[in-house]
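Colleague: The residues making up each chain are set out below.
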Amino acid sequence: MVHSGKKRKTPSQATQLSSALLLDDETPIGPDLNLEGPQVNGSKSPSEAETQSDSDESSVYSELEDEEDEEDEEDSDEEEEENEDDGDDHEASESDSAAQEIAEEGRARSKKAPSTAQEPEAVEALEAQPVQDEYEYDSSDEEDIRNTIGNIPVNWYDDYDHIGYNLDGVAIRKPKRGDELDHFLRQMEDGNAGITVRDPLTGQDVVLSQSQVEKIKRLAASKVPEPGYDMYADAIPWFSSQVMETPLRDLPEGKKSFLPSLTEKRRVGRMVHALKMGWMKTKAEREQEKREDPTKRYYMLWQSDDQPEDVKRITDLIPAPKMKLPGHAESYNPPPEYLFTEREKKTWQDLDEEPFKRKLPFIPAKYESLRQVPAYRNFINERFERCLDLYLAPRARKNRLTIQPEDLVPQLPKPQDLQPFPTVCALTYKGHKNMIRTLSIEATGQFLASGSDDGTVKIWEVQTGYCLQTFTMPGVIKSVMWCPNKALSLLAVACENMVVLISAGVGDKVVVDQTEELLKEAPDNTGYIPPERVKNAVAWSLPEKSDKLPKSALIVLKFFKNVKQVIWHGKGDYFATLVQDGLNRSVIISQLSKWRSQIPFSKAKGLVQCVLFHPIRPYLFVATQRHIRIYNLAKQELSKKLQTGAKWISSMAIHPKGDNLLVGTYDKKVQWFDLDLSSKPYQVLRYHATAVRQVAYHKRYPLFASGADDTSIIVSHGMVYNDLLQNPTIVPVKLLRGHSKYDDFGVMEVLWHPTQPWLLSGGADGFIKLWT
Amino acid sequence: MTAMTEDKSAQIQVKFIASDESLAVPSTTFTVPLALDASGLEQLLKRLLAESHDSIDEAPPTWSDQSFEFVLRGDFLRTSLAGFVQSHEGVTPESVLEIHYFARNPPPAPDQDVNHDDWVSGVSALDGHVLTACYDNTIALFYDGHKLLTIPGHDGPARDVVWISLDEDQGVFASSSHDQTVMLYQWNARTRAIDVMNVCRGHERSVDCLAVDRSRTLLASGSFDTHLKIWSAKLQSPDENGGSHEALTNGSGGESEKKKARTSHKTLSRTPLVTLGGHKEGISGVAWTEDNEVCTSSWDHTLKIWDFEMRGMKTELVGNKSFFGLSYSPLNRTILTCSADRAIRLYDPRSKDGVLVKNQFTSHDGWVTCVDWCQEREDLFISGGHDTVVKMWDRRSCVTPLYDMKGHEDRILCCDWSEKDMVVSGGADNTMKIYKSNV
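Quick mapping for you: the protein sequence lines, in order, are chains A and B.
With full-length UniProt numbering, the residue at position 449 of the first sequence is 449, and numbering never jumps.
With full-length UniProt numbering, the residue at position 309 of the second sequence is 309, and numbering never jumps.
In short, the hints are calculated from the structure, not lab data.
Just so we're clear, the structure is a prediction, and the values are computed from it rather than from any experiment.
Just so it is clear, CB atoms sit at the ideal spot from N, CA and C, and this is done for glycine as well.
Please note that a few of the clues may not be correct.
To be verified - Below, simulated DSSO-like cross-link-like pairs (lysine-lysine); rule was C-alpha separation at most 30 angstroms, straight line:
1) A:640 to A:605
2) A:296 to A:281
3) A:699 to B:406
4) A:322 to A:276
5) B:321 to B:234
6) A:324 to A:290
7) B:280 to A:571
8) A:430 to B:358
9) A:430 to B:321
10) B:321 to A:657
11) A:486 to B:321
12) B:280 to A:734
13) A:265 to A:296
14) A:414 to B:321
15) A:594 to A:635
16) B:280 to A:657
17) A:594 to A:647
18) A:486 to B:280
19) B:234 to A:699
20) A:647 to A:561
21) A:414 to A:668
22) A:564 to A:551
23) B:46 to A:734
24) A:640 to A:548
25) B:406 to A:414
Claimed, not checked - Some chain A residues judged to face chain B by a derived CB distance under 7 angstroms, without partners named:
26) 338
27) 470
28) 585
29) 755
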């Protein structure tokens with residue numbers, strides 16, 4: 001055990017202690033109560049003290065301490081005696097215990113007092129002292145073991161005759177105490193009564209020493225308890241820039257300081273391996289190599305000259321072309337062969353007008369010395385031009401688009417995969433003497449009707465090309481159409497200002513007879529008064545001899561102006577007629593069964609070019625020069641207007657399913673409208689070189705054709721899908737030529753066979769051709 | 001290969017295979033020069049024949065003044081062997097060429113040329129008597145180039161005509177027309193009197209084709225109204241009117257058209273025994289294949305074989321073009337068809353699997369409108385088309401026809417080879433032409 005005094009090494013520690021005293025006052029004199037045990041320990045037993053003094057012989061304070069030790073020994077002896085004396089004194093108070101502690105402190109303090117006074121020397125002595133390991137012993141369980149009750153309030157023992165137990169487990173008797181009178185008498189007798197306090201742990205009375213009294217007094221006066229303490233002493237710069245030979249902190253060294261790092265070991269191991277394998281080179285080796293490598297020894301002074309500049313903006317930079325280095329000719333003292341002869345000089349001078357033709361921009365000249373070389377005249381110009389070149393030329397490689405023109409064309413199936421379609425002319429129907437304006441084929445596809453400018457309507461057998469019937473009409477035939485009603489064998493012929501309904505006389509005999517029977521007299525129209533507008537426009541009648549009509553003519557409709565087109569509705573009862581220049585009476589719809597007509601439009605929307613019935617729904621398509629209007633006949637309203645963008649529409653054809661419309665125009669275009677898609681054309685085919693006269697859809701095969709004035713017919717594949725999301729596929733598959741030009745007209749009419757992939761075309765040359 | 005064929009000394013191995021047993025030669029392989037042509041081969045063959053037949057036959061050889069046709073790989077040899085090897089892929093001078101040979105027919109010679117008033121749409125020959133159907137609504141009968149009579153029986157253009165029977169006393173024939181009727185005629189050969197015996201009514205469109213069965217008792221007619229009707233070909237005199245007429249109409253399967261007979265006091269209206277419907281479009285050709293089997297060709301791209309007993313369809317062969325006509329040969333039991341293109345196609349109705357088209361003959365330039373098998377020789381047939389040429393074919397050669405018979409000035413509409421020495425054709429140039437075939 002070390003003497004507690006040795007622990008008090010510094011005044012700073014002392015102040016700390018005193019401040020602790022000030023803080024922890026529970027009792028009136030309390031501060032010293034909490035002074036730790038060592039001091040108390042120090043005064044435990046004489047035997048211990050003796051051993052201590054023995055061990056402390058080497059101490060600097062040995063002399064002083066020895067003296068004090070002796071005193072302490074005496075004191076403790078007395079105490080022990082007292083203890084024994086007052087063993088049965090049961091009266092103990094807190095103040096007594098507090099006083100006891102102070103008493104002990106006082107003892108300690110008295111020992112201390114001289115040491116504090118000599119502190120500077122002590123420091124030096126400390127420095128000289130061999131370093132003692134402060135962790136050599138553990139004082140954590142130090143406590144006052146005279147009483148083993150532990151850290152509990154002493155007043156819990158108030159009602160007992162003992163105040164705890166000593167180490168041997170024997171109860172510590174409270175010393176016998178007299179009553180107040182005894183106490184007073186003792187005070188009167190004893191001179192030390194004022195300075196006697198009771199030790200709360202032992203219940204003994206302790207007489208305070210002079211120094212302890214002094215300290216209490218000072219504390220009460222709020223002074224520093226140590227009378228000799230210099231509060232304002234100079235601070236010793238413990239933590240200074242000076243490096244002490246021995247450190248202030250005497251912490252044992254960390255494990256790191258003596259154990260090698262594993263990671264570092266590994267890294268080093270790796271490096272050693274790399275060195276062994278030759279993957280890594282030592283610095284010396286590297287320097288050696290550098291010395292031996294000639295490329296490292298020399299380097300381009302103007303390195304950026306032959307390397308592309310590192311310009312991030314331009315990805316693939318082409319370095320600027322270098323200027324030509326000066327040659328012998330540029331020398332101030334050129335070899336004689338570089339000097340101009342008279343002739344060369346003359347030619348050089350002759351090229352004054354065209355200096356770019358000169359081989360050299362200057363005349364090589366010889367000078368005695370470099371000093372005599374005059375300034376170069378063109379220097380500024382050449383520099384400027386060079387800079388301009390560098391500045392203006394974008395020396396970056398252009399990324400050309402790698403799109404092939406073929407890639408831009410949509411992927412279309414090959415025409416040969418889209419068979420069947422007509423490819424060759426199989427038959428020519430000869431007989432008409434003038435241009436054929438109109439064709440119509442019977443529903444079964446056995447007979448064909450054609451109308452021509454020579455005033456005849458002919459009926460042909462399609463397979464053989466035999467002309468079965470010829471009807472001579474009084475004028476140019478503008479339009480012919482078979483009645484789609486299968487119970488009738490009827491032909492509507494537009495001629496001049498008439499529409500003549502003719503019994504065709506071919507096909508089923510029974511049907512022919514029925515037709516003639518049915519239509520030979522007018523229906524009963526009594527009670528029906530046609531509106532004035534209609535009455536003026538059209539008149540129904542049976543044929544008269546004066547009309548010069550063929551015998552099989554059944555009904556004649558006379559219109560107020562020439563009729564341009566006649567077209568049947570799909571059911572075969574109604575037909576629409578288009579009157580040329582009829583203004584608001586252009587379109588007239590007539591009913592065959594009742595002999596009645598009506599004019600659906602009150603206003604003229606333009607010059608009507610052609611009309612068309614929808615194959616399924618009650619729609620009427622009316623094409624004016626530029627637009628197509630679709631009227632709903634059931635609701636009697638305009639349902640849609642198509643913007644063709646064309647200058648002049650020539651013809652229309654509707655897909656048999658009714659959702660697609662084909663429009664031919666005089667400005668060489670064929671337009672495909674998807675009626676569900678938009679009011680603009682889905683596709684515009686510009687394959688014809690001249691005006692398109694007629695367009696036609698096939699009823700069964702995905703084919704359509706267009707005929708133009710340049711005698712060409714273009715057959716195209718036009719597949720319409722039931723899937724609404726899939727757009728129609730349009731592929732032109734065949735160009736048919738065979739008609740000859742007549743009066744700048746080529747093909748006037750194209751028509752598909754209803755069941756076979758055969759195309760019929762009527763030309764201005766008076767021939768009908770069958771293409772298969 | 002080119003270098004070799006150009007080389008004059010180049011040779012090729014050939015083997016002769018006879019189509020006719022009597023002309024067989026030993027089947028040894030010969031090496032002949034490539035420069036050899038048909039006449040060279042013929043000389044070689046004749047020598048071989050002489051060698052092989054010398055010892056056996058004392059009779060004068062039939063082949064001594066005969067010329068031969070050589071067929072290599074389905075084509076006639078018309079050039080030298082070298083040319084053949086060059087023009088045919090897959091033939092190398094190293095391989096052994098099998099040369100089929102048979103006696104060449106003498107070329108047909110133009111015999112008669114008869115003008116009509118309108119297009120000739122149907123011809124039929126029997127025993128030197130030729131019937132023609134004409135678009136001017138008439139039927140004409142010719143014998144040896146002379147018109148025996150003209151029958152203005154129909155109301156519309158006549159489409160087809162067919163002999164039913166002909167003997168010394170009388171001839172019976174039928175004709176069809178655009179007026180939707182088939183007429184049965186009785187011709188008294190001695191008095192040269194003609195009677196329209198029966199008018200077959202029932203078709204709703206033009207009747208385009210007729211065919212008589214082998215027993216000469218049934219007449220099949222195909223019409224544009226898509227129906228095939230079978231009629232009795234037996235004549236009925238008006239005296240027999242009554243019970244037998246009813247008997248005939250018993251089998252008029254479903255078709256009970258009671259048309260008002262527009263007949264004269266002599267003619268009898270007749271209703272079909274059977275009506276067979278199934279085609280989607282007009283029937284363009286009809287032929288009896290067996291006793292109770294009829295084959296029809298139609299515009300709806302199909303050939304159908306009908307069973308007369310079952311009154312229904314038996315087989316269907318689908319093509320890819322509209323058929324315009326067909327001909328059946330009882331000798332080789334195959335069907336030839338012509339359709340809306342340049343090819344003549346050979347169908348075997350009995351084969352169930354593989355390709356339906358057994359062979360395709362393309363030489364015409366334009367639609368082929370008619371084909372007809374030779375009734376005597378199983379390999380020969382004729383065809384006529386819009387290219388105004390009647391061609392005689394051997395079915396073993398599918399590219400080169402045997403002979404082209406030119407002479408028509410317009411499209412040929414019909415042809416007939418039912419008499420073996422008469423090739424009859426009619427066309428849009430209003431003529432009927434007869435060639436002597438000498439088969």
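Colleague: All the hints need checking, so say for each whether the structure fits it.
Modeller: Against the structure, the hints:
1. For the suggested pair residue 640 of chain A and residue 605 of chain A, the alpha carbons sit about 14 angstroms apart, so the restraint of at most 30 angstroms is met.
2. Distance restraint check for residue 296 of chain A and residue 281 of chain A: the Cα-Cα separation of roughly 17 angstroms lies within the 30 angstroms cut-off, and the hinted pair is therefore satisfied.
3. For the given pair, residue 699 of chain A sits about 39 angstroms from residue 406 of chain B by alpha-carbon distance, which is inconsistent with the 30 angstroms threshold.
4. Straight-line distance between C-alpha atoms of residue 322 of chain A and residue 276 of chain A comes to about 48 angstroms, which puts the hinted pair past the 30 angstroms bound.
5. Annotation: proposed proximity of residue 321 of chain B to residue 234 of chain B is violated, straight-line Cα distance about 36 angstroms (limit 30 angstroms).
6. About 34 angstroms separates the Cα atoms of residue 324 of chain A and residue 290 of chain A, which puts this hinted pair outside 30 angstroms; it is violated.
7. For a cut-off of 30 angstroms, the pair hint linking residue 280 of chain B to residue 571 of chain A stands: about 22 angstroms separates their Cα positions.
8. With a CA separation close to 37 angstroms, the supplied pair residue 430 of chain A and residue 358 of chain B exceeds the 30 angstroms bound.
9. A distance of roughly 25 angstroms separates the Cα atoms of residue 430 of chain A and residue 321 of chain B; the hinted pair therefore holds under the 30 angstroms criterion.
10. Distance check on the hinted pair: residue 321 of chain B and residue 657 of chain A sit about 25 angstroms apart at the alpha-carbon level, within 30 angstroms; holds.
11. Proposed proximity of residue 486 of chain A and residue 321 of chain B is supported: the alpha carbons are some 26 angstroms apart, at most 30 angstroms.
12. Between residue 280 of chain B and residue 734 of chain A the CA atoms are separated by roughly 28 angstroms; this keeps the pair inside 30 angstroms, and the hint holds.
13. Distance restraint check for residue 265 of chain A and residue 296 of chain A: the Cα-Cα separation of roughly 35 angstroms exceeds the 30 angstroms cut-off, and the hinted pair is therefore not satisfied.
14. Distance restraint check for residue 414 of chain A and residue 321 of chain B: the Cα-Cα separation of roughly 21 angstroms lies within the 30 angstroms cut-off, and the hinted pair is therefore satisfied.
15. Between the alpha carbons of residue 594 of chain A and residue 635 of chain A the distance comes to roughly 22 angstroms, so the proposed pair stays at or under 30 angstroms and holds.
16. Of the supplied pair hints, the one linking residue 280 of chain B and residue 657 of chain A holds, its CA atoms being roughly 21 angstroms apart against a limit of 30 angstroms.
17. With a C-alpha separation of about 39 angstroms, the suggested pair residue 594 of chain A and residue 647 of chain A falls outside the 30 angstroms cut-off, and the hint is violated.
18. Restraint check for residue 486 of chain A and residue 280 of chain B: the C-alpha separation of about 16 angstroms stays at or below 30 angstroms, so the hint holds.
19. With a CA separation close to 44 angstroms, the supplied pair residue 234 of chain B and residue 699 of chain A exceeds the 30 angstroms bound.
20. Between the alpha carbons of residue 647 of chain A and residue 561 of chain A the distance comes to roughly 25 angstroms, so the proposed pair stays at or under 30 angstroms and holds.
21. At most 30 angstroms may separate the alpha-carbon atoms for a hinted pair to count; residue 414 of chain A and residue 668 of chain A meet this at roughly 25 angstroms.
22. Restraint check: the Cα-Cα separation between residue 564 of chain A and residue 551 of chain A comes to about 23 angstroms, which is no more than 30 angstroms; the hinted pair holds.
23. Restraint check for residue 46 of chain B and residue 734 of chain A: the C-alpha separation of about 53 angstroms exceeds 30 angstroms, so the hint is violated.
24. With a C-alpha separation of about 43 angstroms, the suggested pair residue 640 of chain A and residue 548 of chain A falls outside the 30 angstroms cut-off, and the hint is violated.
25. Taking the CA atoms of residue 406 of chain B and residue 414 of chain A, the gap is near 39 angstroms; set against the 30 angstroms cutoff, the hint is violated.
26. The restraint placing residue 338 of chain A at the interface with chain B is violated, with a minimum CB-CB distance near 65 angstroms, outside the 7 angstroms limit.
27. Look at residue 470 of chain A: its Cβ only gets to about 14 angstroms from chain B, farther than 7 angstroms, so that hint breaks.
28. Contact between residue 585 of chain A and chain B, as hinted, is not supported at the beta carbon level, the nearest pair being about 41 angstroms apart and thus beyond 7 angstroms.
29. The beta carbon of residue 755 of chain A is positioned within 7 angstroms of a beta carbon in chain B (closest approach about 6 angstroms), and the interface hint is therefore held.
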